[in-house]
Amino acid sequence: MKFLVSKNIHTNANFRLLLGFYALMLLLYVIGDIFYLSHFFGSNTQEVLSTLKGNPDEFIEPLSLLSLLEHLHISLFLAIFALFSTMAVVLRMRLEHLHKGIIITISMASAFLSFLSLLGTYFIADLFVYGFVYLTLFWHLIAAYALSIVLIQIGFKKS
Amino acid sequence: MISPKLFALLLFFALALISFQLVSGIWLFIEKFGLLPSQVYVYFAGDEKNFIMPKSFEGLLETAVPHFLAISTTIFVYAHFLLFTEVISQNKKSLLISALFITAMIDIFSPLGIIYEHEIFAWTKVLAFWSFEFLMGILLFVLFQAVFYKGSKG
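Chain order of the listed sequences is A and B. If you read the first sequence in this note's numbering, its first letter stands for residue 4, the second for the next number, and so on. If you read the second sequence in this note's numbering, its first letter stands for residue 10, the second for the next number, and so on.
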């Protein structure tokens, strides 16, 4: 068996194919995660508050701390690896340094703050729900934007 | 060509996020099992007096199997950055990497011993869990140090 050891993988058509499908599936994850989160927590701030804190009028029990922590632990893990691998690809794209820096900073900082806001909503004040909902939406949008750039650059790059 | 500054920026955020993950893991462990080995034992082996059902083998597998993938991937991804730093010696890197994988495996396997009513495995679980968290803390500290003070070869 022989492996070809080469640093020149950017011009390798199969590497582009691999990266293209990887980016496509990550994009599906990012879009699917939005649907999953809106199903789990609700699709607006009021529904999220009802899920987290309960709503006696609608007979909704508050989410237990254990369920919240399990959700946080799993979602955070998935977000880390989705964002980390996406941004590792973005680093290698033909973009301005500033553009790459903004994508990395905004997406990862907003993901971090969205998870903190979730805890803030549960423990501190209802106001944090806006941070949770909009920052979650924001980091998903930036990740989708970054993955779209990857797909476009791979699609239009000459071999 | 990857800009070292952008790489450091990405690594900084990835380290911040995984630190948060580490904290959520500790919090979840305390909330779910408790702090003491006796509490961990009761959670897995059950307690008839308090109507706590013992955990089944299948139930343990449901938690153990994803953790094998998740923890090994996390250690691999983050610890491989150690290879590009000069913050600690080669021997310490080897020791840290080995200890991380070994403590993680003991932590994941211990509940199997507990459900067959060997109380010593509750102690093993607690020791392995806290050792793993401590070692991950050291790994993240070393990598943060590399990002801020030493830079990296990559």
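Honestly, the hints are just simulated from the structure, not real lab data. If you're wondering where the values come from, they're calculated on a predicted model, not measured in any experiment. Hints should not be assumed to be uniformly reliable.
[Unchecked claim] Short, incomplete list of chain B residues facing chain A, as computed with Cβ under 10 Å:
| # | residue |
| --- | --- |
| 1 | Ser12 |
| 2 | Lys14 |
| 3 | Phe16 |
| 4 | Ala23 |
| 5 | Ala25 |
| 6 | Gly34 |
| 7 | Glu71 |
| 8 | Pro75 |
| 9 | Phe77 |
| 10 | Phe150 |
| 11 | Phe153 |
[Said to hold, decoys possible] Chain B regions said to be covered by chain A (calculated; three or more residues, Cβ under 8 Å):
| # | stretch |
| --- | --- |
| 12 | 53–62 |
| 13 | 127–140 |
Ideal placement from N, C-alpha and C gives every residue a C-beta, glycine not left out.
According to a criterion of three or more residues whose C-beta lies within less than 8 Å of a C-beta of chain A, is the stretch 127–140 of chain B covered?
The restraint on the stretch 127–140 of chain B is violated, since only 0 of its residues have a Cβ under 8 Å from chain A and three are required.
* Cut-off 10 Å, beta-carbon criterion: hint that B/Gly34 touches chain A -> 6 Å, holds
B/Pro75 as an interface hint toward chain A, with CB separation required under 10 Å: Status holds, d = 9 Å.
* Coverage of the stretch 53–62 of chain B by chain A, judged on three or more residues with CB within 8 Å -> Result for this restraint: violated, n = 0.
Given a cut of 10 Å on the nearest C-beta pair, is the interface hint for B/Ala25 held or broken against chain A? Hint on B/Ala25: holds, closest Cβ of chain A at ~6 Å, below 10 Å.
*asked:* Tell me if the interface restraint on B/Glu71 is satisfied: Cβ within less than 10 Å of some Cβ in chain A.
replied: At 12 Å from the nearest chain A Cβ, B/Glu71 fails the 10 Å test, so the hint is violated.
Worksheet item: Regarding the hint that B/Ala23 lies at the interface with chain A, is the smallest CB-CB distance below 10 Å?
Response: 5 Å, holds
Go through the hint on B/Phe153 and say holds or violated, using the shortest Cβ distance to chain A against 10 Å. 15 Å, violated
Measuring from the C-beta of B/Phe16 to each C-beta in chain A, is the shortest one below 10 Å?
7 Å, holds
Next item in the hint list is B/Ser12. Is there a CB on chain A closer than 10 Å to its CB? 6 Å, holds
* With a cut-off of 10 Å on the beta carbons, see whether B/Phe150 makes it to chain A. => Interface hint status for B/Phe150: violated (18 Å vs cutoff 10 Å).
(Q) Holds or violated: the hint that B/Lys14 contacts chain A, with Cβ atoms closer than 10 Å. (A) 8 Å, holds
The structure is inconsistent with the numbered hints 7, 9, 10, 11, 12, 13, although it conforms to all the rest.
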